[in-house]
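There are 2 protein chains.
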Amino acid sequence: MELTFLGTGSGVPSKSRNVSSLALQMHQERDEIWLFDCGEATQHQILKTTIKPRKITKIFITHLHGDHIFGLPGLLSSRSFQDGTTPLEIYGPNGIQTFVETALSLSQTHLKYPIQYYDLQDGTIFQDDTIKVDTMQVIHGVPSYGFTIQEADKTGHLLPEKLKAFGIQPGPLYERIKREERITLQDGTVIERDQVTGPTIFGRKLAIIGDTLPFDNVSDFVKDADVLIHEATFIDADESLANQYNHSTSVQAAQIARDANVKQLWLNHISSRYVPQDLKHELSKLTSIHPSVRYVSDFDSIPVEKVVE
Amino acid sequence: MELTFLGTGSGVPSKSRNVSSLALQMHQERDEIWLFDCGEATQHQILKTTIKPRKITKIFITHLHGDHIFGLPGLLSSRSFQDGTTPLEIYGPNGIQTFVETALSLSQTHLKYPIQYYDLQDGTIFQDDTIKVDTMQVIHGVPSYGFTIQEADKTGHLLPEKLKAFGIQPGPLYERIKREERITLQDGTVIERDQVTGPTIFGRKLAIIGDTLPFDNVSDFVKDADVLIHEATFIDADESLANQYNHSTSVQAAQIARDANVKQLWLNHISSRYVPQDLKHELSKLTSIHPSVRYVSDFDSIPVEKVVE
Ligand SMILES: [Zn+2]
Ligand SMILES: [Zn+2]
Numbered sequence: 001m002e003l004t005f006l007g008t009g010s011g012v013p014s015k016s017r018n019v020s021s022l023a024l025q026m027h028q029e030r031d032e033i034w035l036f037d038c039g040e041a042t043q044h045q046i047l048k049t050t051i052k053p054r055k056i057t058k059i060f061i062t063h064l065h066g067d068h069i070f071g072l073p074g075l076l077s078s079r080s081f082q083d084g085t086t087p088l089e090i091y092g093p094n095g096i097q098t099f100v101e102t103a104l105s106l107s108q109t110h111l112k113y114p115i116q117y118y119d120l121q122d123g124t125i126f127q128d129d130t131i132k133v134d135t136m137q138v139i140h141g142v143p144s145y146g147f148t149i150q151e152a153d154k155t156g157h158l159l160p161e162k163l164k165a166f167g168i169q170p171g172p173l174y175e176r177i178k179r180e181e182r183i184t185l186q187d188g189t190v191i192e193r194d195q196v197t198g199p200t201i202f203g204r205k206l207a208i209i210g211d212t213l214p215f216d217n218v219s220d221f222v223k224d225a226d227v228l229i230h231e232a233t234f235i236d237a238d239e240s241l242a243n244q245y246n247h248s249t250s251v252q253a254a255q256i257a258r259d260a261n262v263k264q265l266w267l268n269h270i271s272s273r274y275v276p277q278d279l280k281h282e283l284s285k286l287t288s289i290h291p292s293v294r295y296v297s298d299f300d301s302i303p304v305e306k307v308v309e
Numbered sequence: 001m002e003l004t005f006l007g008t009g010s011g012v013p014s015k016s017r018n019v020s021s022l023a024l025q026m027h028q029e030r031d032e033i034w035l036f037d038c039g040e041a042t043q044h045q046i047l048k049t050t051i052k053p054r055k056i057t058k059i060f061i062t063h064l065h066g067d068h069i070f071g072l073p074g075l076l077s078s079r080s081f082q083d084g085t086t087p088l089e090i091y092g093p094n095g096i097q098t099f100v101e102t103a104l105s106l107s108q109t110h111l112k113y114p115i116q117y118y119d120l121q122d123g124t125i126f127q128d129d130t131i132k133v134d135t136m137q138v139i140h141g142v143p144s145y146g147f148t149i150q151e152a153d154k155t156g157h158l159l160p161e162k163l164k165a166f167g168i169q170p171g172p173l174y175e176r177i178k179r180e181e182r183i184t185l186q187d188g189t190v191i192e193r194d195q196v197t198g199p200t201i202f203g204r205k206l207a208i209i210g211d212t213l214p215f216d217n218v219s220d221f222v223k224d225a226d227v228l229i230h231e232a233t234f235i236d237a238d239e240s241l242a243n244q245y246n247h248s249t250s251v252q253a254a255q256i257a258r259d260a261n262v263k264q265l266w267l268n269h270i271s272s273r274y275v276p277q278d279l280k281h282e283l284s285k286l287t288s289i290h291p292s293v294r295y296v297s298d299f300d301s302i303p304v305e306k307v308v309e
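Line by line, the protein sequences are chains A and B. For the first sequence, position 125 matches number 125 in full-length UniProt numbering, and the numbering has no gaps at all. For the second sequence, position 275 matches number 275 in full-length UniProt numbering, and the numbering has no gaps at all.
Everything labelled a hint here was simulated from the structure, so no lab data went into it. Note that the structure is predicted; figures quoted are calculated from it, not measured. Think of the CB as a built atom: it goes at the ideal place given N, C-alpha and C, for glycine as much as any other residue. Some hints here could point you the wrong way.
Taking lysine-lysine pairs in the DSS-like style, the calculated list, with each CA pair at most 25 Å apart, reads [unchecked claim]: (1) LYS48/B to LYS15/A; (2) LYS55/A to LYS15/B; (3) LYS15/B to LYS48/A; (4) LYS280/A to LYS15/A; (5) LYS223/A to LYS285/A; (6) LYS112/A to LYS48/A; (7) LYS178/B to LYS55/B; (8) LYS58/A to LYS306/A; (9) LYS15/A to LYS55/B; (10) LYS48/A to LYS15/A; (11) LYS52/B to LYS15/A; (12) LYS178/B to LYS306/B; (13) LYS164/A to LYS132/A; (14) LYS132/B to LYS15/B; (15) LYS154/B to LYS178/B; (16) LYS52/A to LYS15/B; (17) LYS15/A to LYS15/B; (18) LYS164/A to LYS178/A; (19) LYS112/A to LYS223/A; (20) LYS58/B to LYS112/B; (21) LYS162/B to LYS132/B; (22) LYS52/A to LYS132/A; (23) LYS58/A to LYS164/A; (24) LYS58/B to LYS48/B; (25) LYS306/A to LYS132/A; (26) LYS178/B to LYS164/B; (27) LYS15/B to LYS112/A; (28) LYS223/B to LYS285/B; (29) LYS15/A to LYS112/B; (30) LYS164/B to LYS48/A.
Using C-beta positions, here's what the derived DEER-type ranges look like [stated by the list, open to error]: (31) THR50/B to HIS281/A: 29 to 37 Å; (32) SER292/A to GLN28/B: 53 to 61 Å; (33) SER16/B to SER297/A: 50 to 58 Å; (34) ASP31/A to SER16/B: 23 to 31 Å.
Model the full assembly from the supplied sequences, consistent with the hints where possible.
Now the structure itself:
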């Protein structure tokens with residue numbers, strides 16, 4: 001799991017930050033890329049990375065403001081043009097389907113793959129054996145949603161020495177032991193999986209909170225996340241602006257991260273009114289609230305790691 | 001009059017060419033910028049120029065394919081965000097209004113200025129004292145239009161020596177002579193304007209032909225243009241592809257320019273399959289058909305000049 005930030009600005013593109021999009025790359029885990037938001041020129045940003053649009057299998061849209069969706073028709077077209085033929089799922093607030101279909105039909109764009117749309121509603125929106133996605137409505141004047149991505153826990157690694165002590169050599173039996181909690185050998189010996197594996201590998205929890213005012217319930221939703229990506233359009237000194245425009249300040253995001261026992265906080269959706277020096281100064285204030293906080297930049301590509309306390 | 005090429009590629013953006021847009025800057029003539037097509041990330045390209053979105057007063061859309069319109073909602077939003085408050089006119093094929101209004105309304109984008117839409121139909125679509133815009137449908141599978149921009153001819157410059165011979169010194173009378181074809185001085189002397197001015201300054205003619213198959217009537221439409229910007233998606237060797245996709249080759253564009261007595265031909269809308277070496281080689285073939293031909297690149301900014309034979 002690796003997060004690649006394609007656009008970390010707010011509202012309008014600037015020379016240093018594009019409008020919103022981030023890619024969750026899961027090459028090892030499932031050979032898929034999931035995209036969160038798709039502001040204008042997301043496909044142009046992708047051109048400067050190793051991301052292949054045809055690997056994108058799901059797109060999650062936090063809300064319908066233009067800086068989060070105006071890149072969608074172009075990206076969908078290019079995914080088709082670049083030999084994307086596998087189905088795509090789009091999860092977003094009601095209206096996203098109308099937006100995409102109007103753009104594609106008026107432009108007579110015929111995609112080589114089907115799109116399945118899912119309207120967002122609080123709760124689990126996707127789940128399989130290895131991963132679960134939950135969503136929760138946040139507060140932004142228009143319907144806007146946060147997401148958590150929770151990996152399932154995995155059985156610990158097989159321990160060859162312990163298996164050897166039972167007389168088991170590497171081979172087909174290894175696979176059975178991985179699958180089953182308990183097996184009985186031909187000589188009648190019963191092996192509990194726990195006896196021959198290392199500690200459970202706990203899944204990672206990633207939380208992505210887009211445009212929102214801060215509010216209490218969000219802490220429960222992002223509880224114990226290994227990484228929280230939270231909007232921080234404004235700095236603390238501009239809290240009244242943040243309020244006025246339904247956004248959060250960096251300090252509010254840090255307080256949520258602290259209250260929710262989040263391990264790492266990455267601040268996103270930064271207003272272009274701030275120069276790097278402003279953010280550097282702000283960061284010194286934030287570390288007294290939460291020990292592990294950073295501002296992200298366009299093209300930052302950061303592995304999502306389990307933080308063990 | 002200066003043309004700034006914001007996107008000279010075809011279909012999908014590449015690292016070297018963005019999708020279609022070009023800006024006609026008329027700072028001296030009328031302090032306005034007119035935009036022709038607005039592919040995705042046109043506003044991002046504009047960020048790298050001195051163009052101010054609020055100076056854009058008219059946008060002409062050749063056709064509704066995505067690479068010509070997907071940048072429109074974002075540009076319109078940013079024009080508003082960047083204090084554009086003056087009205088904007090959009091000329092395009094039927095459907096452009098639905099595209100823009102759907103995008104703006106679903107994203108709850110509220111512009112600070114009104115937009116007036118004009119559906120394109122063959123003929124004169126705009127005219128005032130100094131400039132005239134004509135359009136003509138071309139052949140591209142979907143309704144697609146070419147444009148000519150024709151400046152009005154202007155009276156020649158006043159000639160101070162000739163005026164002095166009539167006893168006229170620089171002053172208010174100069175302005176009257178500029179306005180009126182004939183004036184009578186207090187002593188009864190009649191002065192014809194022609195007697196005291198240099199030769200008529202002929203207006204420039206600019207022709208912009210977007211995506212199209214070549215066809216005979218286009219030569220009449222672009223007749224005697226000082227500059228013809230014509231699509232040349234394919235090179236001569238790929239004429240069958242050009243045919244298949246409703247596009248022109250560079251040689252076809254050069255033949256039109258020759259037949260129409262066009263002074264300069266600038267080739268645009270270049271497929272990303274060609275490397276610079278291909279185009280260089282092609283150019284050597286083209287100059288035997290038309291003496292003044294060039295391929296344009298993103299960010300080329302070229303004055304439109306009257307070519308006097
Ligand atoms: Zn936003
Ligand atoms: Zn095109």
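Proposed proximity, LYS306/A with LYS58/A (alpha carbon, max 25 Å): Roughly 23 Å between the alpha carbons, so the hint for LYS58/A and LYS306/A holds.
Given the hint that LYS280/A pairs with LYS15/A, test it: the Cα-Cα distance must not exceed 25 Å. holds (19 Å)
Cβ-Cβ distance between SER292/A and GLN28/B: within 53 to 61 Å? holds (56 Å)
Restraint check for LYS164/B with LYS48/A, where alpha carbons must lie at most 25 Å apart: Violated. LYS164/B to LYS48/A sits at ~66 Å, over the 25 Å cutoff.
Quick one, are LYS112/A and LYS223/A close enough, alpha carbons at most 25 Å? At roughly 40 Å apart (the allowed maximum being 25 Å), LYS223/A and LYS112/A break the hint.
Is LYS48/A within 25 Å of LYS15/A, Cα to Cα? At roughly 15 Å apart (the allowed maximum being 25 Å), LYS15/A and LYS48/A satisfy the hint.
Is 23 to 31 Å right for how far apart the beta carbons of ASP31/A and SER16/B are? holds (30 Å)
Restraint check for LYS178/B with LYS55/B, where alpha carbons must lie at most 25 Å apart: violated (29 Å)
Does the structure keep LYS55/A and LYS15/B at a Cα separation of 25 Å or less? holds (20 Å)
Does the Cβ-Cβ separation between THR50/B and HIS281/A fall within 29 to 37 Å? Because 31 Å falls inside the window, the suggested range holds.
Cβ separation of SER16/B and SER297/A, checked against the hinted range 50 to 58 Å: This hint is violated: roughly 24 Å between Cβ atoms.
Starting from LYS52/B, check that the Cα of LYS15/A is at most 25 Å away, please. holds (14 Å)
In the structure shown, a violation is registered for the earlier hints numbered 7, 13, 14, 19, 21, 23, 30, 33, in ascending order.
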